[in-house]
Amino acid sequence: MNLTELNRVATAMVAPGKGILAADESSGTIKRRFDAIGVESTESNRRDYREMLFRSREAMSRYISGVILYDETIWQDAKDGTPLVKLIESSGAIPGIKVDEGTQALPMCPGETITVGLDKLADRLKKYYERGARFAKWRAVIDIGSGIPSMTAISVNAHALARYAALCQAAQIVPIVEPEVLMDGDHDIDRCYEVTSRVLNKTFQELRVQRVALEGMVLKPNMAISGKKCPSQASVAEVAEKTIRLLKACVPAAVPAIAFLSGGQSDEEATAHLNAMHQLGPLPWGLTFSYGRALQAAPQKAWSGRPENVTAGQNAFSHRARMNGLASKGEWQSSLEKKAA
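Residue numbers for the sequence shown follow this note's numbering, so the first one is 96 and each next one is one higher.
Hints are computed from structural coordinates only; laboratory data are not their basis.
Each computed DSBU-like pair below joins lysine-lysine, with the alpha-carbon atoms no more than 35 Å apart:
#1 K433 <-> K324
#2 K215 <-> K126
#3 K396 <-> K174
#4 K396 <-> K126
#5 K174 <-> K126
#6 K323 <-> K424
#7 K126 <-> K324
#8 K337 <-> K323
#9 K297 <-> K424
#10 K337 <-> K424
#11 K126 <-> K323
#12 K174 <-> K221
#13 K126 <-> K424
#14 K396 <-> K337
#15 K126 <-> K433
#16 K433 <-> K337
#17 K396 <-> K181
#18 K337 <-> K324
#19 K215 <-> K174
#20 K222 <-> K396
#21 K297 <-> K222
#22 K215 <-> K297
#23 K433 <-> K323
#24 K181 <-> K222
#25 K343 <-> K433
#26 K297 <-> K337
#27 K343 <-> K424
#28 K126 <-> K222
#29 K222 <-> K174
#30 K323 <-> K343
#31 K221 <-> K297
#32 K396 <-> K324
#33 K424 <-> K181
#34 K343 <-> K324
#35 K323 <-> K297
#36 K424 <-> K324
#37 K221 <-> K126
The following label-pair restraints were derived from C-beta to C-beta distances:
#38 A332 <-> A173: 39 to 45 Å
#39 R401 <-> G123: 22 to 28 Å
#40 T198 <-> G112: 32 to 38 Å
Just so you know, even glycine gets a beta-carbon here, dropped at the ideal spot from N, CA and C.
Just need the whole structure built from these sequences, with the hints factored in.
Here it is in structure tokens:
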């Protein structure tokens, strides 16, 4: 393992003004999103959509540091025969790959899941590295509800995350460690804070046990935020303050990079929260975005599967990428959204 090179890649992923595009939707997820815009989810349509994003020169070169790909996408070529990974590299961004294989029900823990995909992962990582991937992603899912999460669910998912991270580093691939506490329930921000604290502490305990070099990884956490169904929604300032307090309490300074998931927030909410965090003074780690829907909802709608809308889709993507790039430096203002509109 070349830790210096892993650290270089991890640090590049949180370069000032840049963040990560999560374009790793599973076939089921992207079908739902295509259904919403009236586009059939065929392999060629999925390819055309992602090619549109990766050819958005302004967005990719100025605001995107890396792209998380789905297994199908990393092997695809653009219409002109250029591998999609080469389009990403030519813009100066780093190709990455989602390697988990989704979730399964966790035995003896009703309503909870375990992420799977460790079998044969070492072999898959070698092939992904040869294709150009320099980082990977594994998502654990922790739900908040009546009587959950259990310590069982937190422990087994943290253990799997650490095993995955160790395998990645052995393959010279930077692991994005993503323990996501979902915001789907009716819990308040303090309940989210408490659960996320338990999850992060257990995850870092497992990472140390399995000898993962913290300097060569990226953390992709949720923010401390109210559940979607909570009648009292925390303000932008409260989300920022409690999230930074949480991270400072749980994330060692040795970790070079933190890239937030959006987790179902609206486009502008995710941007505003990130921006507010950067206004809370110097931070011990690089802090940026790793957004999927919050970067892609607007370009998907603008594109709607029509070749004549490619430019409109790229313009929408560039705008959202620029807004989040500014937020990752604490320079975003809501007036910039209205101006663009």
